Amino acid sequence: MSARQPLPKWATNILMPAMNVLLALFVGGLAVAVIGEDPIEAMRVLAYGAFGSGYNLGFTLHYATSLTFTGLAVAIAFHAGLFNIGGEGQAYVAGLGAIMMALWLDQTHWVFVLIGATVGATTLGAIWAAIPGYLQAKRGSHIVITTIMFNFIASAFMSYMLAQVITNPGANAETRTIAETGRIPLLSEYFVFFKHSPVNIMLIFGILALIGVYILVWRTKLGFKIRTLGMNPDAARYAGISAVSIIVITMAIAGALAGMMAVNEAVSVQKRLVVGYVQGFGFIGIAVAFMGRAHPVGIALAAILFGALYQGGVELAFVMPAVPSELVVVIQALVILFSGAMDQMFKPVLERVFGAFRTRSSSTETEEA
Amino acid sequence: MVENQTQNAQQPASAAELPAAIDLKGVSKSFGPVQANKNINLTVKRNSIHGIVGENGAGKSTLMSILYGFYTADAGEIFVNGQKVSIKDSSHALELGVGMVHQHFMLVENFTVLENIILGAEGDHLLASSKAAAREELARLAKDYGLEVDPDAVIEDLSVGQEQRVEILKALYRGADVLILDEPTGVLTPTEADQLFRILEQLRDEGKTIILITHKLREIMAITDTVSVMRQGTMVGTVATEDTSPDKLAEMMVGRRVLLQVEKTAAQPGQKVLEVEGLSVTDEMGVPRVKNVSFDVHAGEIVGIAGVAGNGQSQLLEAISGMFEPLLGEVRINGKAIDFHGEGVADEVREMGLAHVPEDRHKMGLVTQFEEWENSVLGYEDSEKYGKGPMLSLSAARSEAEKRIEMFDIRPQNPRLKTANFSGGNQQKIVLAREMDRDLDILIVGQPTRGVDIGAIEFIHKQIIRLRDEGKAVLLVSVELDEIRALSDRVLVMFDGEIVTQLPPTASEKEFGLAMAGLDPAENE
Amino acid sequence: MGFEDIIPLLNSSIRFAVPLLLACLAGLYSERSGIVDIGLEGKMLGAAFAAAAVAALTGDVWLGMLAAIGVSISMSMIHAVASINLRGNQVISGVALNFLALGGTVFIGHSIFKRGGTTPNLAKDERIGAIELPLAQEIGQVPVIGPIYEQLISGHSIIVYFAFLAVPITAWVLMKTRFGLRLRAVGENPKALDTAGISVFLLRYQALVITGILCGIAGAYLSTAQGANFSENMTAGRGFIALAALIFAKWKPWNALWTCLLFGVLSAAQIRLQGVEFPIIGEVPVQVIQAAPYVLTVILLAGFIGRAVPPKAVGQPYVKER
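Chains as they are written, first to last, in our numbering: chain A, 44 to 412; chain L, 13 to 537; chain H, 19 to 340.
FYI, nobody ran anything at the bench for these hints, they're computed from the structure.
Please note that a few of the clues may not be correct.
Claimed, not checked - Partial chain A-side listing against chain H, Cβ under 8 Å, derived:
{"#": "1", "residue": "Arg87"}
{"#": "2", "residue": "Thr151"}
{"#": "3", "residue": "His152"}
{"#": "4", "residue": "Phe200"}
{"#": "5", "residue": "Leu370"}
{"#": "6", "residue": "Leu380"}
Keep in mind the model is a prediction, meaning the values are calculated, not measured.
Glycine included, C-beta positions come from ideal geometry on N, C-alpha and C.
Work the whole structure out from these sequences, hints included.
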């Protein structure tokens with residue numbers, strides 16, 4: 044009796060991602076065991092490193108904030124049926140806008156720096172993402188490939204800018220540091236709990252972005268059009284929705300969201316722009332979006348998970364030097380693989396399990412009756 | 013064991029002596045609850061051209077797919093050359109000598125003719141020898157059957173007719189003795205079709221057996237030796253072509269069905285609402301689909317467009333509703349011409365007073381992953397009714413949806429349910445409610461009751477009549493002749509992209525059948 | 019720049035071009051069969067590590083090569099299961115494999131060698147050595163042709179010659195063999211192949227094995243022929259340049275050769291042009307040359323110079339209609 048049953052919503056949205064994460068952690072644990080270390084201890088250190096104290100939690104939340112932005116950038120494009128893997132480049136180029144505004148305004152007050160950097164970051168991020176969007180909509184160039192190419196073009200462009208144009212003489216390819224007066228406060232200045240961890244006001248922006256995307260996608264006319272286009276392009280054509288403008292607008296919003304990472308990481312914490320500051324967060328945003336099923340609540344949870352892995356990994360390298368912190372990258376890769384590309388692996392099994400369970404419960408019911 | 017009563021009775025006695033090329037006994041096939049083939053018996057003589065006719069959805073293609081090994085029958089027996097076989101897949105069918113020319117060609121577009129011919133039948137790891145052999149064989153086939161194609165031409169440079177020859181050559185190269193052609197002339201010009209017929213006749217004369225699936229009676233009469241008629245998944249009968257006539261066949265195809273009863277009073281046409289003038293539409297592939305079509309629809313009347321599917325109706329609807337830019341011609345609504353330039357024309361056309369219930373609700377009328385109320389908004393999302401400015405008011409949209417659920421008796425009565433979970437009839441009501449519950453001047457509606465249960469059909473028909481009685485114009489496109497005749501005040505018959513004739517809905521089945529098959533009723537009287 | 023400057027420039031262009039060419043041909047087999055491969059980078063990286071690590075542990079560079087190919091094929095098979103059997107998202111699978119290689123190589127490398135992800139340096143005889151072609155020294159004396167033969171054509175590792183040989187072989191396989199015919203067909207119209215009774219699954223698996231082999235050799239070249247050890251993320255985006263080259267080459271083997279050579283020249287020039295003043299335009303920033311392959315590919319994709327039409331069925335999982 045293994046009749047397949049369609050899975051209930053909670054199984055696809057909570058149980059399956061949870062199983063994917065557990066399997067990834069299990070494989071990661073195996074790897075730890077193979078190199079002769081204690082996997083349980085490693086996982087404990089990982090968890091403590093991520094959540095064990097206000098200081099550790101502050102780091103986790105800081106990374107989760109960046110991942111929220113890059114994850115939303117993938118998710119919103121996904122709602123329009125577009126696969127944006129350019130978050131990395133969009134966040135990088137946005138760093139230029141953010142830092143230039145911040146350096147221009149840093150003699151005033153941090154509030155102006157915050158506003159200026161946000162405007163600068165979102166503008167450049169939006170432009171950088173809208174170009175591949177336009178090329179897809181008007182010229183038919185595949186957005187996956189174009190956004191990959193734009194990541195590398197961004198990388199070359201930014202190293203030029205940082206080495207030649209807005210460089211800080213004497214330093215190695217980075218800008219000057221933001222003056223004291225213009226520094227965006229860390230949350231630890233208001234809550235001692237977070238000690239000196241980098242979590243800052245952008246955490247609130249991250250939460251606002253999650254709410255904002257929710258409202259945009261499910262509560263506005265534009266969001267309605269985006270979802271229509273993403274789910275059924277023919278229906279969008281029938282409804283008279285202009286695919287070109289929706290694609291360009293959606294990509295611009297995606298780029299603006301990815302760009303917000305620059306304010307969180309470069310302006311608020313590093314207080315200057317360094318070469319390669321994005322550090323793969325744009326790519327991990329893909330995993331965040333897929334694990335979070337492109338829904339803000341899911342993205343928030345997935346961002347915390349990946350932020351915790353990142354921070355826990357740093358702690359792990361410190362406490363258990365024999366376990367390389369790259370363990371975390373491996374676990375991340377496995378989560379992406381299982382939840383993004385192999386999610387059909389568990390489905391048939393689960394469907395059978397659920398099917399068998401239901402057949403049994405219904406047969407007992409009939410027996411009773 | 014099921015006897016083949018129908019065939020034996022009507023076949024010449026001589027055929028019984030040789031084993032038949034194909035013999036199907038009691039073949040049945042279901043797809044879920046839909047029974048596509050019910051207990052089919054069919055005998056195809058060797059060295060003959062055997063036609064299979066029937067309306068769309070009569071089960072012709074399913075039956076042939078079983079013979080070609082694409083589907084497996086649920087029940088029944090298949091005999092090829094008198095041998096009982098169970099066909100596992102299409103390569104097995106080919107081994108048995110059964111080849112198929114699909115309606116949509118299975119060719120690799122950027123390959124040469126030669127490469128397509130040998131694909132899957134190369135014989136050797138290196139291509140040189142098999143290419144040389146194929147080249148020789150092609151020359152022979154060209155000589156024997158008049159199938160001339162340049163072996164080095166690339167498929168995408170060929171005309172549709174030539175591509176079809178390549179498909180036929182593919183089957184012959186693989187040693188097919190029985191050749192099944194599925195609607196082979198659907199994509200051909202009349203000249204190309206005639207060329208094809210000459211080739212088929214030559215193939216028969218050289219000893220091949222041809223099975224021709226079509227819904228065009230002209231072709232059946234012109235070329236077949238024997239013809240079998242299918243209707244609603246059953247085999248109505250098999251007759252020798254010389255013993256029958258187009259009107260007899262039309263009658264067998266359509267059947268004597270009870271005319272749908274729809275109560276309505278005589279139409280009281282008012283002023284012109286929709287004017288179509290010299291409209292020509294060419295599809296993405298550059299094939300002309302609508303050819304210089306002109307007609308008017310007045311307020312307070314239902315104009316029906318009858319025709320076999322694929323004769324340009326879909327393209328006509330898409331052009332009138334602003335979804336597809338026509339090549340030539342003009343469409344006016346209340347005297348104002350549609351400007352087809354730019355994007356979002358469909359939206360402008362809506363604002364001009366046209367409501368559109370599309371032919372295929374799954375493909376474009378609905379987003380099936382949406383909740384019911386969201387589909388109630390689709391196409392009208394910019395309306396002030398659903399919220400001011402950029403915001404979408406869920407409460408406004410949902411209460412509107414609830415009102416329509418009430419009005420159109422949509423079940424289950426839950427606007428939060430996913431649309432995919434509604435039955436076909438209720439999905440169609442969602443679309444109809446959205447398009448009818450608005451300020452409109454003309455409703456254009458395609459296949460209003462396709463895949464809809466009986467109860468809902470009646471309701472939908474009543475709603476369309478009500479709209480007419482309120483003085484709105486209605487343009488109805490349907491492949492269901494009964495429906496067209498029951499609802500329309502005037503009927504235009506479309507064939508091969510043209511409106512061939514106008515008939516009153518009271519005209520006979522036969523007249524409609526002939527017109528829809530592209531034949532002039534007057535000639536066949 | 020004189021003649022004597024050009025030969026070293028071309029020589030280093032060849033060294034840059036070879037791993038690109040191998041990865042590009044690897045991608046060609048995969049994408050021609052209808053499977054998108056974003057994971058060329060990861061497979062090369064995994065292979066580069068395996069080659070250097072095994073060579074360092076055993077002292078046998080050819081065992082290293084075998085390990086490289088093995089690792090690369092295994093990764094390719096993960097991609098095959100995800101994209102062919104599970105009909106998953108091919109792009110995500112590629113992204114995941116890239117991350118897996120990035121983390122996995124350092125994780126294992128650090129665990130074995132305790133050097134933070136790098137492998138020990140290989141001695142000269144533990145690497146894949148250069149081959150001197152016959153009469154190199156003698157012919158070297160002949161003006162013009164001599165230096166070209168001695169310094170440019172002779173003196174590379176066997177992998178370099180293999181890579182250049184792989185181009186005509188691939189062209190031959192594609193155009194002249196049964197496998198090639200079916201491979202080209204399955205990426206364009208898998209249904210045509212299926213109705214002809216050929217297994218789409220099997221063919222795509224075969225293609226991905228070849229992709230694995232070629233990426234494996236490319237990786238081994240980086241760490242045991244061009245370099246003398248493995249270091250973290252040593253592929254540094256070469257897999258993506260190879261992907262760009264594949265598109266720029268319009269998925270054709272001979273075009274792939276010219277494109278990879280062009281991209282190789284760009285890489286070599288990048289180093290040599292630093293600080294060089296050109297008339298009128300002045301100094302060209304290295305980053306302009308760095309970005310050139312990607313910019314060229316975007317321009318091509320947008321249809322401004324010709325049209326790059328990918329295999330029609332690429333990226334779409336094949337579902338047999340039943």
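Here's how the hints hold up against the structure:
1. The criterion of a C-beta within 8 Å of any C-beta in chain H is not met by arginine 87(A), whose closest approach is roughly 19 Å, and the hint is violated.
2. A distance limit of 8 Å between C-beta atoms decides the matter here; for threonine 151(A) the minimum to chain H is near 32 Å, and the interface restraint is violated.
3. Interface hint status for histidine 152(A): violated, as the beta-carbon distance to the closest one in chain H is roughly 35 Å, over 8 Å.
4. Interface restraint check: phenylalanine 200(A) against chain H, minimum CB-CB distance 7 Å, threshold 8 Å, status holds.
5. Checking leucine 370(A) against chain H: minimum C-beta separation of about 6 Å stays under 8 Å; hint holds.
6. With its C-beta approaching chain H no nearer than about 4 Å, leucine 380(A) sits inside the 8 Å limit, and its interface hint holds.
Checked against the numbered hints listed earlier, the structure breaks hints 1, 2, 3; every other hint is satisfied.
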